[in-house]
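Colleague: The task is simple: from the sequences and hints, build the whole structure.
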Amino acid sequence: MTNLNSFSSKLNVVVIGANGGLGKAFVKAFEADDKVNSIYAFSRKIKVSENKKTHYSSIDIEDEESIKQAVELSSSDKKVDLVIVATGILHKETSIKPEKSIAQIDPHIMNKVISINTIGPILVAKHFLPKLTRGEKTVFAVLSARVGSINDNHMGGWASYRASKAALNMLIKTAAIEQKRRHPESIIISLHPGTVDTQLSQPFQKNVNEGSLFEAGDAVNKLINVIDDLNVKDTGGFLAWDGSSIEY
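When the letters of the sequence shown are read in order and numbered with our numbering, they come out as residues -17 to 230.
Heads up, some of the hints might be wrong.
The list that follows gives simulated cross-link-like pairs (lysine to any residue, SDA-like), each with its CA atoms no further than 20 Å apart [as the list claims (entries may be wrong)]:
hint : residue 1 : residue 2
1    : Lys79     : Asp45
2    : Lys108    : Lys119
3    : Lys74     : Lys119
4    : Lys108    : Asp45
Computed beta-carbon distance windows for the label pairs [said to hold, decoys possible]:
hint : residue 1 : residue 2 : range
5    : Lys60     : Pro166    : 20 to 26 Å
6    : Asp59     : Asn33     : 17 to 23 Å
7    : Lys27     : Pro166    : 35 to 41 Å
8    : Asp88     : Asn133    : 25 to 31 Å
9    : Lys(-8)   : His90     : 44 to 50 Å
10   : Ile84     : Ser31     : 40 to 46 Å
11   : Ser39     : Gly225    : 27 to 33 Å
12   : Ile87     : Lys35     : 32 to 38 Å
13   : Arg116    : Asp88     : 43 to 49 Å
14   : Asn207    : Lys108    : 25 to 31 Å
15   : Gly225    : Lys(-8)   : 25 to 31 Å
16   : Pro166    : Ile87     : 21 to 27 Å
17   : Lys29     : Gly139    : 30 to 36 Å
18   : Ile132    : Ser31     : 21 to 27 Å
Just so you know, these hints were derived from the structure itself, not from any lab. No experiment lies behind these values; they were computed from the predicted model shown. The beta-carbon is built from N, C-alpha and C at its ideal position, and this holds for glycine as well.
Modeller: This is the structure:
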């Protein structure tokens, strides 16, 4: 059971990237919560829903028209209370791999990583933020990564991924400042889920310290607890799975 006590009841929740390891876990957690009335789950490939309150539809976050259609499907006659953007790319078979050094930067690969990790999520924000419920707590959360922290970079490498997440954090901070002027109850936040046992992390799990690799369900429960504890003072922040603040 999730913990969304700080929200109103009959929540309308949107999950972008619902077929990924964390996206699936978010959908499953929200399905088990009586406070959640409807879940709009978007991904590139459509699933058949086994739960009456979950509605699956397709989205391509590299296509702004596709994002606009997702907004219409999830908010045409409903409020939106909580948006989770759980999309992201670190590697893709042999075509995309994190760089070991600056010397390995390929501009085409970097553009692709930034398109998915940075531009896509902020376009989701562009179109979903105006649809958030007025007068009560709402949250727009993106999954970032600690390696996107400039101050926390002590090893180098992974240039495209680091840059894409650092840029995402900056855009989330910017969106939060602008949103606060017109919608002070909404909270815009970047979240670091830790290292999670998903397809994204699998090639790199041998380097993870014992006890530091989370199952997707456990990671999501921790993140939902963080989301529930958020207040308007947190907007624009970058928080880890345990609620601790991460330096930009």
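Colleague: Each hint should be assessed against the structure and marked as holding or not.
Modeller: Quick rundown of the hints versus the structure:
1. Lys79 <-> Asp45: violated, 23 Å
2. Lys108 <-> Lys119: holds, 19 Å
3. Lys74 <-> Lys119: violated, 37 Å
4. Lys108 <-> Asp45: Roughly 13 Å separates the two Cα atoms, so the pair holds.
5. Lys60 <-> Pro166: 20 to 26 Å: holds, 22 Å
6. Asp59 <-> Asn33: 17 to 23 Å: Given about 21 Å between the Cβ atoms, the range holds.
7. Lys27 <-> Pro166: 35 to 41 Å: Check passed, 37 Å falls within 35 to 41 Å.
8. Asp88 <-> Asn133: 25 to 31 Å: holds, 27 Å
9. Lys(-8) <-> His90: 44 to 50 Å: holds, 45 Å
10. Ile84 <-> Ser31: 40 to 46 Å: holds, 45 Å
11. Ser39 <-> Gly225: 27 to 33 Å: Given a distance of about 32 Å, which is inside 27 to 33 Å, the answer is holds.
12. Ile87 <-> Lys35: 32 to 38 Å: This hint is violated: roughly 44 Å between Cβ atoms.
13. Arg116 <-> Asp88: 43 to 49 Å: For Arg116 and Asp88 the Cβ distance comes to about 45 Å; the hint holds.
14. Asn207 <-> Lys108: 25 to 31 Å: Because 28 Å falls inside the window, the suggested range holds.
15. Gly225 <-> Lys(-8): 25 to 31 Å: Once the Cβ atoms are compared, 26 Å apart, the range 25 to 31 Å for Lys(-8) and Gly225 holds.
16. Pro166 <-> Ile87: 21 to 27 Å: violated, 41 Å
17. Lys29 <-> Gly139: 30 to 36 Å: Holds, since Lys29 and Gly139 (Cβ atoms, about 35 Å apart) stay within the stated range.
18. Ile132 <-> Ser31: 21 to 27 Å: violated, 41 Å
Hints 1, 3, 12, 16, 18 from the list above are not met by this structure, while the remaining hints are.
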